[in-house]
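So you can see what is in the structure, the chains are spelled out below.
Protein chains: 2
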Amino acid sequence: MEPRIKAAIIGYGNIGKFALEAIKASPDFELGGIVRSARPNPKNETKHLGVPIVKDIRELKDIKVALLTLPTLLVPQAADEILAMGINTVDSYDIHGELADYKKKIDHTARKNNTVGVISAGWDPGTDSIIRCMFEFMAPQGITYTNFGPGMSMGHSVAARAIPGIKDALAITMPQGAGIHRRVVYIEIEEGYDFAKTAAELKADPYFSSDDTTVIQVDDINNLIDMGHGVSMERKGVSGLTHNQLMSFTMRINNPAVTAQIMVAAARASLKQKPGVYTMIEIPIIDYMAGDRDTIIRKYV
Amino acid sequence: MEPRIKAAIIGYGNIGKFALEAIKASPDFELGGIVRSARPNPKNETKHLGVPIVKDIRELKDIKVALLTLPTLLVPQAADEILAMGINTVDSYDIHGELADYKKKIDHTARKNNTVGVISAGWDPGTDSIIRCMFEFMAPQGITYTNFGPGMSMGHSVAARAIPGIKDALAITMPQGAGIHRRVVYIEIEEGYDFAKTAAELKADPYFSSDDTTVIQVDDINNLIDMGHGVSMERKGVSGLTHNQLMSFTMRINNPAVTAQIMVAAARASLKQKPGVYTMIEIPIIDYMAGDRDTIIRKYV
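Residue numbers (this note's numbering), protein chains in the order written: chain A, 66 to 366; chain B, 66 to 366.
Since the hints were derived computationally from the structure, they do not count as laboratory data.
Just so you know, these numbers come straight off a predicted model, no measurement behind them.
Treat the hints with caution; some may be incorrect.
Said to hold, decoys possible - Below, simulated DSSO-like cross-link-like pairs (lysine-lysine); rule was C-alpha separation at most 27 Å, straight line:
#1 B:Lys108 / B:Lys120
#2 A:Lys364 / B:Lys120
#3 A:Lys169 / B:Lys337
#4 B:Lys301 / A:Lys89
#5 A:Lys337 / B:Lys170
#6 A:Lys301 / B:Lys262
#7 B:Lys126 / B:Lys339
#8 B:Lys364 / B:Lys301
#9 B:Lys364 / A:Lys301
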């Protein structure tokens, strides 16, 4: 039996909590500790978890890989710093248009410090990216539609909360088919603000202006929260000269739970790669799996 | 622009014909020629294809990779011989229980001759194997059901034809859910044989005895042939401690067309691997794709 992989969790919010569960449920991992910011969210209590809670990863010993369960915008700097300390990183950086440049920026740090970073390891980007590529090489001509939801969009909820007069918000992504989505945004209004004016401001925000958006006023957002999410990917394409090749992939999942589990798989894979930074499509699928290679081939191929 | 990858097709049956189409439709490939046996099936005419038709791959020049579109039982020997000639191979060897040992047997030849073999590159084993692994690392506890069909089973059709008194046969795989299948076998009876006795013999054959099998007599099998097939893979599992994570993958495809297209993708990937023999789960997904790595990451991740 190999020694367990000692991992740290950086940030203890939604995904961090599920990362703790995923690490504890994985027989090849052990949790070395949790790194929290100077001003942790009081909602997320860590007192009784029975693991070291620290402010800096350097206070923990023998960490092989860090799961960066931070808000996306804080991820690049944290990855760069931790890769430079000789520790592998995994994140679920989710800005599709920027991840290729982010990868390039930290690649040098990883190579120089003999470490591995796996970026954008979640379900989209992440496992959906693997499926999109498979659809493409199985039927190279055609269209793939990625339809998200129904489910909470963290990014859109945060954007809605930033609008003056919105006390709390929950943005739901509703798939309309063919990769088109509409947004339904539930908001709590701060006293003294007008609903109609605030809703109009939200709809004009760049985060929402290109989508069909409905805004609904509620008294308490907390009653609406459900972490379920989903995706349906559809391809109709051509293999060789043969049309009408139909493929579809569907998921209905607890969003942070599957994200955290994928990050644990990516952490495992990080220890099998040469120094550098990788997206999930650049790593063989077998490397994400626990256990002996020959056994995996016999069982799953 | 890179030079095109020169490929040969070994065997010109069902999959060989679609391999020709897939190679011709791939902008990064060119077809160097087709290798046929001494006694080719007269149904599969090659005269007007406009490519060299030879009896031995050594008659073709500068072949980088050979697609072994042969009956599965002929694949291992052909792979070993061609890998020893310094040419990469791709096959869709489909005996699940034996592929790991087959891989080990030819691995030495590949390493010694600085070549790469990709084995069992079809849809199952093959792309389905990739999905099975993904389901597993996304929700490590749970059950994955792989339901095939409805569609023609080549293996069962061949087994039925081997039974005395059966002139021609078509075996259909019907999914019953939860990974359970029944077989419906259409047979043409040779003169002087009794249908009931022949059907009983078929049902007792080891190929059929463990499945619920229905045998139907017809006058002409050819009227029934349709190359469509399908699969539905379902997983309900646990990510971390979170139950009820639902995932499904479904395909409805022309079987030899998608198999041939996957073999072309594997041929492309073979040129990016170190010497040795690989199943599809051991190769990064990006290596199956045509084009520049950075562009692929920007477009599909």
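Next on the checklist: For each hint given before, does the structure comply? Return the numbers of the non-compliant ones in rising order.
Outcome noted: 2, 6 and 8
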